[in-house]
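Peer 1: Listed here are the chains, written in short residue letters.
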Amino acid sequence: MKRRVVITACSAITPIGYGKDEIIQSLRSGRSGVSPLRDDGLLSKHIHSRVFGSVDYPMEYGFKRQYTKTMGPVAFYACQVAKDVLAQSGLDQEFITSGRLGVAFGSTHGSPTVQRDIYKTFFSDLDAKFSSIGAVDYLRSMVHTTAVNISRMFGITGRIIASSTACTTSSQSIGFGYEMIKYGMQDAMLCGGADEYDTTTVAVFDNLLACSVDYNDTPSCTPRPFDAGRDGLVVGEGGGAVLLEEYEAARRRGATILGELVGFGCNNNGGDLILPNLEGITATLRLALDDAALSPGEVDFVSAHATATKMGDVIEAQAIDAVYGKGPLVSGLKSYMGHTMGTCGVIELILTLYMMEQGFVAPTLNLEEVDERCRMLRHTRELTETPVRTAAIQNFAFGGVNTCLLVRDGRTAQG
Amino acid sequence: MTRDEIQQAIITILTKDFEFENPGLEDNLRDAHGFDSIDAIELLGKIELLLGFSLTREEKEQAMAIRTIKDVVAYIEELQRSRNS
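In the order they appear, the protein sequences are chains A and B. Just so you know, we're using the numbering used here here: the first sequence kicks off at 1 and counts up by one. Just so you know, we're using the numbering used here here: the second sequence kicks off at 416 and counts up by one.
Derived from the structure by calculation, the hints contain no laboratory data. Backbone N, C-alpha and C fix where the C-beta goes; we use that ideal spot for every residue, glycine too. A hint or two may mislead.
Stated by the list, open to error - Label pairs and their computed distance ranges (CB to CB):
#1 A:Glu60 / B:Asn443: 42 to 50 Å
#2 B:Pro438 / A:Gln93: 23 to 31 Å
#3 A:Thr157 / B:Lys485: 30 to 38 Å
#4 B:Asp486 / A:Tyr183: 32 to 40 Å
#5 B:Asp451 / A:Pro36: 39 to 47 Å
#6 B:Asn443 / A:Met1: 58 to 66 Å
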């Protein structure tokens, strides 16, 4: 059994805004969400990279303590976007709790804020303070905290998939959710990812010399995907969710179809856990096309992973060139907000859905002089008003995990 | 602590930290206020801080029979008595 899978709701909390209108406005106006790194009283003073893709606007959640007691900051992002998509979808409570709806949701490593508090206790004068490690600290910080806090808050009883593969966390969540529906295991899946403000991640990339450091005084000028002057990635935070449904059921209930997931490719490089791998990445892009039964010429737009690291962008450009040539427009959407880690796949999918609906492609910010090793692509250098029918969302992670999602616009999906 | 002091301290904890609204002494904690197993473990931690000593595993297991605020107060009184005797 193979069934069609459509997207019927989406929501994102990003460094360039919360909700569709703010995000589209930022994309159209070229507004960056990268800000100075905040003082965290621990690591920040040692980190060379002084920039972060921050959610620096106030969020009002209104969740009851009954739920918040098991939630770290990452779960607040997750539950808010989950709440948004369930409300937007119009699914009734009977279906939501029926077991036919599952959750595929993850984060890079649960809640580092809560983990940090636990370690503070570990390294203090133990005996007297041991009891201050709350019984719920594990529930707040564990790797699958986002997925199960969503299921608890909304009474979802279907399958739980808690992908945690760094930068491919949410793209895997979406891909695995798509397969759950496509092959008849679930009728709908709430998919996505979230990651909270975390300087540990910045420190890791900083020590690997992979973080941007040359634009500390001008945060909006970095990251610079594919640009000759790029000097590394900028870590960011956020959350995003999409609701996937089986096409016929969505149509029967009159749901708004925002897009159709037509293909998913996922593999592993089978070797180095850090270095980008041309063979592995190229194979992923082809796997997705094969899954969708599409030819490369049918893809109009590629949302590149494009973190703005020195080698990552070059290898990805070579892979895109090998599969697509100069066909599709290519943008690096991380140029607007940095690398939101486990969230980037879902956020980049949602931004693509917005652009498909509105008929434009946002340019790669800060792309002033294309690196000569990346010049073979059709880069989006300026805001381009153009219909996009089919797009590829590419993400690659530490650990050698690669994903590619292929999405078709809502109007085409509805036929 | 006297019974009144314990009662006041517990009501303050339940109102402030557990966001109970108008807690009644005879209220069933679970049915009236959504108090669950996670809350029970958290409350035991707060009782330890209130009393200034750690509870034994056996003492903690005895707390699983608690249903009302009145039960909580009686439980704490019994803990004090057993430690003072």
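Peer 1: Going through the earlier hints one by one, which of them does the structure break, listed in rising order?
Peer 2: 1, 4 and 6
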